[in-house]
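Novice: Counting along the sequence shown from 1, when you hit position 307 you're at 336 in my numbering, and nothing is skipped either side.
Note that these hints are calculated values from the structure, not bench results. None of the values given here were measured: they were computed from a predicted structure. Where a beta carbon is used, it is the ideal one built from N, C-alpha and C, also for glycine. Wrong hints could be hidden among the right ones.
Unchecked claim - Across the chosen pairs, the derived CB separations fall in these ranges: (1) R59 to W325: 21 to 31 Å; (2) E111 to W325: 11 to 21 Å; (3) E165 to R106: 40 to 50 Å; (4) L219 to K239: 20 to 30 Å.
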Amino acid sequence: MKMETSPSQPDVALPSRFATVLADAGFDLRRGPARVLQINVGKLCNQTCVHCHVGAGPGRKEVMTAETADRIIAWMRAYPPELLDITGGAPELCPEFRRLVVAGREVGARVIVRCNLTVFFEAGYEDLPAFYREQECEVVASLPCYTEGNVDQQRGDGVFQKSIDALRALNRHGFGTDGGLPLSLVYNPLGPTIAPAESVLEPEYKKQLKDNFDIEFHRLICITNLPVTRFKLYLEQTGELEAYQQLLLDSFNPATVDGLMCRDMINVGWEGDLFDCDFNQMVELGLGGKARRFLWDVTPGELTGETIATGRHCFGCTAGNGASCGGTLA
30 MKMETSPSQP DVALPSRFAT VLADAGFDLR RGPARVLQIN VGKLCNQTCV HCHVGAGPGR
90 KEVMTAETAD RIIAWMRAYP PELLDITGGA PELCPEFRRL VVAGREVGAR VIVRCNLTVF
150 FEAGYEDLPA FYREQECEVV ASLPCYTEGN VDQQRGDGVF QKSIDALRAL NRHGFGTDGG
210 LPLSLVYNPL GPTIAPAESV LEPEYKKQLK DNFDIEFHRL ICITNLPVTR FKLYLEQTGE
270 LEAYQQLLLD SFNPATVDGL MCRDMINVGW EGDLFDCDFN QMVELGLGGK ARRFLWDVTP
330 GELTGETIAT GRHCFGCTAG NGASCGGTLA
């Protein structure tokens, strides 16, 4: 299902509502020491998914340049992150992608690649599983369901079968198997519902994929869809936006707050500018809500203690079991 994306604008309907709810619960949301450097290399993708918070697709022109990659690599050499998390779009389609991966490994970082799996079948990208193996990457792969109909409805016709073939290729290269390199799958709800607990859904995922396709993986990551960009537009068109935003608010769980990814993450956009998380990047809510800043103009230490910028969409991260790039939080 393909949808056009409206221009990205800050979600300012209730800019302080989330902060107010946090304060009422006794929380002061501030940045701790930076552990994760997450780089979004751009919005170019070979898929157009209904739930995509980036609004990515084949026609997007926002892609990181060599000059920006040079400056990010120089920063990583000066301030090596514990974890380098590379996302997109389909991050592999960015010409600077492999250079960033190699640079991250050279400075000693663990490297996570967020992969849509079908990119393996684009011309010139067939060697990606071997490249991931060579660089000892951790692969986080999108598979919103273990049934063909649900996956194709959310991600496009034919995506499920390509995803299965890609996962088999990753298994052959030693990902997801006992003692092998880390392979996680990502579940997103098909519609405006909150993601279930990973402990509930993961055993069924593993059984279905093993029994039906002889596929193995290590962990299931459940992520609730946040109402931004394309998914927000979808909710507006179906008349479900207000009810979904209220569901997220009503499902606020204070036990998720301590684990929020924005506490120890620096998120970098395709032009090198800074955000508290990838969702804030997509609504153009800059790091700490301050004027535009770039990675090469800051040090990790000077960011510690800053207030984290929040908006109404942040209720998606604290609803139910919580949701983050690393999975559920409670």
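Novice: Holds or violated: 11 to 21 Å for the Cβ distance of E111 and W325?
Specialist: 19 Å, holds
Novice: Within 40 to 50 Å: is that where the Cβ-Cβ distance between E165 and R106 falls?
Specialist: Because 19 Å falls outside the window, the suggested range is violated.
Novice: Taking the Cβ atom of R59 and the Cβ atom of W325, is their distance within the range 21 to 31 Å?
Specialist: 23 Å, holds
Novice: Does the Cβ pair L219, K239 satisfy 20 to 30 Å?
Specialist: 23 Å, holds
Consistency note: the structure conflicts with earlier hint 3 alone.
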